[in-house]
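Visitor: The residues making up each chain are set out below.
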Amino acid sequence: MATFTLNINGKSLTADVDPNTPMLWVLRDHLQLVGTKYGCGIAQCGACTIHLGDNAVRSCQLPVSSVGDQEITTIEGLSENGDHPVQKAWLEVDVPQCGYCQAGQIMSASALLNENPNPTDTEIESAMNGNICRCGTYLRIKKAIKMAAGKGS
Amino acid sequence: MTRVKTKIGRRAFIKNTSLAGGGLVLGFSWLNSCKPQQAESLAVREMPKEWFEINAYLKIGDNGLVTIMSPNPEFGQGVITAMPMIVADELDVAWKDVLVEQANFNAEDYGWQFTGGSQGIRRRWEGLRMAGATAKQMLKQAAANTWQVPVSEITVSEGMLHHSASNRSAGYGKMAAQAATLEVPEEVPLKDPRDFTIIGHSKKSVENQKIITGKPLFGIDYQFDDALVAMVVHPPAFGLQLKSYDDSEARSMPGIVDVVQIKTLNTGQTRGYFDTNAFTDLVAVVGKTTWEVMNAKKQLKAEWEPIADSTFTMDRFGTEMEVEVPSGLESTEMHYAKMNEMVGKSGTTVRKDGTPEAAFRNASKVVEKTYTCPFLAHNCMEPMNFFANVTENEANLAGPLQAPGLTEGTLAARLGMPAEKINIELTRMGGGFGRRAYGHYAIEAALISQKVEKPIKLVYSREDDMTFGIYRPSYQATFRAALDENNQMIAFHVKAGGIPETPLFANRFPAGAVDNYLAEQWEINSNITIGAFRAPRSNFMAGAEQSFMDEVAEAAGKDPIEFRLELLERAKNDPVGGENDYEPDRLAGVLKLVREKSGWGETKPGVHRGVAAYFCHNSYAAHVIDVVMKGENPTVDKVVCAIDCGIVINPEAASNMAEGAAVDGIGNAMYGELTFKDGATEQTNFDRYKIIRHAEAPKSVEVHFVQNEIDPTGLGEPPFPPVFAALANAIYQATGKRHYHQPFMSDRSAPVG
Numbered sequence: 016m017a018t019f020t021l022n023i024n025g026k027s028l029t030a031d032v033d034p035n036t037p038m039l040w041v042l043r044d045h046l047q048l049v050g051t052k053y054g055c056g057i058a059q060c061g062a063c064t065i066h067l068g069d070n071a072v073r074s075c076q077l078p079v080s081s082v083g084d085q086e087i088t089t090i091e092g093l094s095e096n097g098d099h100p101v102q103k104a105w106l107e108v109d110v111p112q113c114g115y116c117q118a119g120q121i122m123s124a125s126a127l128l129n130e131n132p133n134p135t136d137t138e139i140e141s142a143m144n145g146n147i148c149r150c151g152t153y154l155r156i157k158k159a160i161k162m163a164a165g166k167g168s
Numbered sequence: 180m181t182r183v184k185t186k187i188g189r190r191a192f193i194k195n196t197s198l199a200g201g202g203l204v205l206g207f208s209w210l211n212s213c214k215p216q217q218a219e220s221l222a223v224r225e226m227p228k229e230w231f232e233i234n235a236y237l238k239i240g241d242n243g244l245v246t247i248m249s250p251n252p253e254f255g256q257g258v259i260t261a262m263p264m265i266v267a268d269e270l271d272v273a274w275k276d277v278l279v280e281q282a283n284f285n286a287e288d289y290g291w292q293f294t295g296g297s298q299g300i301r302r303r304w305e306g307l308r309m310a311g312a313t314a315k316q317m318l319k320q321a322a323a324n325t326w327q328v329p330v331s332e333i334t335v336s337e338g339m340l341h342h343s344a345s346n347r348s349a350g351y352g353k354m355a356a357q358a359a360t361l362e363v364p365e366e367v368p369l370k371d372p373r374d375f376t377i378i379g380h381s382k383k384s385v386e387n388q389k390i391i392t393g394k395p396l397f398g399i400d401y402q403f404d405d406a407l408v409a410m411v412v413h414p415p416a417f418g419l420q421l422k423s424y425d426d427s428e429a430r431s432m433p434g435i436v437d438v439v440q441i442k443t444l445n446t447g448q449t450r451g452y453f454d455t456n457a458f459t460d461l462v463a464v465v466g467k468t469t470w471e472v473m474n475a476k477k478q479l480k481a482e483w484e485p486i487a488d489s490t491f492t493m494d495r496f497g498t499e500m501e502v503e504v505p506s507g508l509e510s511t512e513m514h515y516a517k518m519n520e521m522v523g524k525s526g527t528t529v530r531k532d533g534t535p536e537a538a539f540r541n542a543s544k545v546v547e548k549t550y551t552c553p554f555l556a557h558n559c560m561e562p563m564n565f566f567a568n569v570t571e572n573e574a575n576l577a578g579p580l581q582a583p584g585l586t587e588g589t590l591a592a593r594l595g596m597p598a599e600k601i602n603i604e605l606t607r608m609g610g611g612f613g614r615r616a617y618g619h620y621a622i623e624a625a626l627i628s629q630k631v632e633k634p635i636k637l638v639y640s641r642e643d644d645m646t647f648g649i650y651r652p653s654y655q656a657t658f659r660a661a662l663d664e665n666n667q668m669i670a671f672h673v674k675a676g677g678i679p680e681t682p683l684f685a686n687r688f689p690a691g692a693v694d695n696y697l698a699e700q701w702e703i704n705s706n707i708t709i710g711a712f713r714a715p716r717s718n719f720m721a722g723a724e725q726s727f728m729d730e731v732a733e734a735a736g737k738d739p740i741e742f743r744l745e746l747l748e749r750a751k752n753d754p755v756g757g758e759n760d761y762e763p764d765r766l767a768g769v770l771k772l773v774r775e776k777s778g779w780g781e782t783k784p785g786v787h788r789g790v791a792a793y794f795c796h797n798s799y800a801a802h803v804i805d806v807v808m809k810g811e812n813p814t815v816d817k818v819v820c821a822i823d824c825g826i827v828i829n830p831e832a833a834s835n836m837a838e839g840a841a842v843d844g845i846g847n848a849m850y851g852e853l854t855f856k857d858g859a860t861e862q863t864n865f866d867r868y869k870i871i872r873h874a875e876a877p878k879s880v881e882v883h884f885v886q887n888e889i890d891p892t893g894l895g896e897p898p899f900p901p902v903f904a905a906l907a908n909a910i911y912q913a914t915g916k917r918h919y920h921q922p923f924m925s926d927r928s929a930p931v932g
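Chains as they are written, first to last, in my numbering: chain G, 16 to 168; chain E, 180 to 932.
I should point out that these hints are in silico values taken from the structure, not numbers from a laboratory. The C-beta atom is built at its ideal place from N, Cα and C for all residues, glycine as well. A couple of the hints might just be wrong.
[Unchecked claim] Here are the computed distance ranges between Cβ atoms for each label pair:
#	chain 1	residue 1	chain 2	residue 2	range
1	G	G68	E	A516	51 to 59 angstroms
2	G	N70	E	E811	45 to 53 angstroms
3	E	H380	G	T18	50 to 58 angstroms
4	G	E138	E	K228	35 to 43 angstroms
5	E	G588	G	E86	44 to 52 angstroms
6	E	K228	G	N129	42 to 50 angstroms
7	G	N131	E	H380	33 to 41 angstroms
8	G	N129	E	E287	25 to 33 angstroms
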C-alpha cells in the first residue's frame, strides 16, 4: 500500500492503495467517482475511458502508480454543469438507451474533438471503435459528435 | 372518450400522505441522487413545501409540480420516461411540471413489475392511464366542491382547473390537499387517442442528464456505508461442480475479510421458471475493494468434480414438470453433430393442415434448406451485480433485476425470511436483454450478506458474467416448401429444434397461408443453462424462415415482397386453420410500408437489397437492408424499418430502440457466437467474443411506424428478429452466397449436402 496524490478533475485527491491498482478501481472504490464504468477489465470495451492529459485512455489498464502528477479528467469533471458541447449534443440527440457505456463514449468523443475539431465519418468510426455500445446507439453517437463538432468543442 | 372501471386497488390510494420536499428516501440518498430525475434542470424551480399522494403512481405538490412513479424496471427501453408520459397525459399536466421517480419493488402497489417480453407498455397501458385519469377526476371533484359547482362544469388544461361560468381557475397544487382526501371514483373517462398531448410527442429520457454527467444510477454504482465487495468462484465448465476448496492463500491476501461457501438452491428444492442456475454451490471471496477481491479470487484453490445425471422439479407458473440435467462436458462440435442427425429424423408433430406428404410428392418444385445458430451470451455492458444487507430482521437489497417479483419468492425461501421482510430497490440496469430476468445473483448476494453478517455488493467480473450465463440456445430449423406448376406454394414443412429447447412457433406465418402444412419439433438435452434473449426463439426463427421465404420466392420467380403479400392475402381471406397467431393485415401492412419507404424496386449501382418481415411479441416489423461490397466484405449501408406496434408513446425513443435493434441484429448475425469445448465457453471476454462496433454499424437506419389507434403492443423485441434475414437476403444479392449458419462471418458448412 502507498499513498498517491492525484490530480483529478482539477482537485488534489489522495488514495491509499496498492500501486498496481488500476485507476478504474481507485476512482470507483476509493474516490466514489462511479461515472467511470467497469465493462471488461482488459481494455476491450471502452466503458472505463478517462482523459490522461488530453488523451483518452482505458482506466482499467492504467495502474495508479503510473499516473504521477498528470491531469486526470473523468466524466464527472468534463464540465462543471454537464454542459460540455459533447454532453449537450448527447442530450439534444437523445443518445442513450441503457446508458452504461455512454460516459466512456463521451470521454472518447471529447478527446477526439479536442484533437480533431472536424472529424470525418471515418475518423469518428476509427476513434470510437474501442467503445462498445451493446444497445447499438452508434448512429446517434456519430450524429451527436458531428453536432458537437459543428458547435466547436 | 371511453369510460373504464377503475381497477387500482384501495391500497394504491394512500390518503393525504404528506412528504417533505425531496420525496421518498431512496438508497442513493447520501450520494445526492435521490432527487427526482430532472431536479438538476429544475434547480431554479422551487420544490413544493408539501406533497399530496393521490395514488401510488403520483403525488402532487402544493405548487403544482407532479411526481410520477415509474413502476417497471428500466434497462434502456425507456419506460422510465414513457410510463410517466402516459400518466401525465391522462392527468392533463404539462410535461415540464413532471418529475419522475423509479418505484421500488412493491407488488401490492404496482402489481407485475416485470421488464421483458415487450410487455411493459402493453400491460401497463390501461392502468397508467387510469392512474392519471383518476387523479384528474379527483382534482376536478375537489374544485367542484370548493367552488360549489357541478363537477361536470369543471374543465382542465395543463395542470389548471377552470370553471368558465364563474370565471374561476386554480392550479392542481391548490386542490391537491382536498383531492387526496376524496373517495376514489368508481369510473373514470379516458381520453380519445386523438386528444393525447404528451403520448405520441417525443420527450427526452428523464435520466439523460445523470447519464451524461456520470451520476450513480446503476446497481454496480450502489454505495452503502461500510459495505464490502464480494465475488463468487464458480465451476470453470458446465458439467462440473464444487468438490472442495482451500482458501488459505486467498484469505491472506490484502483487504480480504472472509471466504464463505454458499448454496443458492437446495437439492430437491422445486425451482421456479426463472430460477435457472447451473452453478448452485459457490465460494464467495469477500473483501474491502473490488480490485483486492479480484486478486484474492485468483488465489482460491478449488477442486471440481463431474456432476451426475440428475432431475429437478420446475414449477412453470403453476404447472410442475421434471427437468433432466445430463452429466458430461459438452462441446459445440458435439452439439452440431447431434443437431445434424435430426435433419433426417422426424420430430414431434405440433400442427398439421391438409396432406403435406401428398402435396410434396406431387410438387413440381421442392426447396429444402436447413439453418442453424450458435449459443449467444447476453453481454450486458454492466456485469451482473447486486447489493444486499441481510440482518436477522430484514433483508434490504438493491440492484439490476428485470423480474423482482419472480426473485422475491426464491429469496424468501433461501433466506428463511417472510417476503414482507425483504425490500428490493430497483436500480437502472446497464442492459438486460433477458439476462436479468434470472435473479440468481441477487440470491447469491443475499446469502453472502447473511453469512458474513455485513452489507455486501456482489460483483461479477466480465469473465464471470460470460461464463456463468443463461444463454440464447443453439437452434436448428429445416424447411421444405412445395411449389406447383404455377409456382403457387402448395405445402410448407418446418422442423425445428435446439439445445436444449425448441424454437418452433407452429401457428405463425406461413401457417394459415398454405393448405398443406406440417410443423414438427425436437429437443436435445443439455446441462448448459439457457434462457430468454431479446425476442427468444423468434431471434432465430425469423432469420431462418424469412431467409427461406426469400429462396422460395426466387424459386417461384416472384418478387419477395409480392410473394409474401400473396400468401398473406390468402391467410386473410381464406385462412387455413383457426389458431393462427398473427393478423395477416398488420403483417402485410409493415411490408407495404417498408416497400414504400425504401423505394423497393428501384435499383442503385452497387447496392444490393434484402427484405424480411416478422410477427412476434404482439407486434409486426419489416426491414429492407442495403448491402454494399467493400472489397470482398459485404457491409450494411442502410436499413429501413417499418413497425406496427400500435400507438407509439415516445416516438424518438422508440426509433432509437429500433435503430439499436437493427445494429444488434446485424452484429449478432455477422459475428455473435459463444462456443463450448469440454463444457467451458471458449470466449470469456470481449477479446474473443465479438460485439458489433462503430465502424461495422450501418451508415443509416430509418424507422417508420404504422399510424393507427391500436392499444400499444410492444416494441423492445419485434424490430430485432427480421434483421437477420433481411441481411442474409441482401448479402445473397451482393455475393450470390446464401448464409444458412450464423454467424455469417464464420459460416459453418451446411450440415447436409
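Visitor: Now, for every hint given, state plainly whether the structure supports it.
Guide: Verification of the supplied hints:
no.	hint	result
1	G:G68 / E:A516: 51 to 59 angstroms	holds, 54 angstroms
2	G:N70 / E:E811: 45 to 53 angstroms	violated, 35 angstroms
3	E:H380 / G:T18: 50 to 58 angstroms	holds, 54 angstroms
4	G:E138 / E:K228: 35 to 43 angstroms	violated, 53 angstroms
5	E:G588 / G:E86: 44 to 52 angstroms	holds, 51 angstroms
6	E:K228 / G:N129: 42 to 50 angstroms	holds, 45 angstroms
7	G:N131 / E:H380: 33 to 41 angstroms	holds, 37 angstroms
8	G:N129 / E:E287: 25 to 33 angstroms	violated, 52 angstroms
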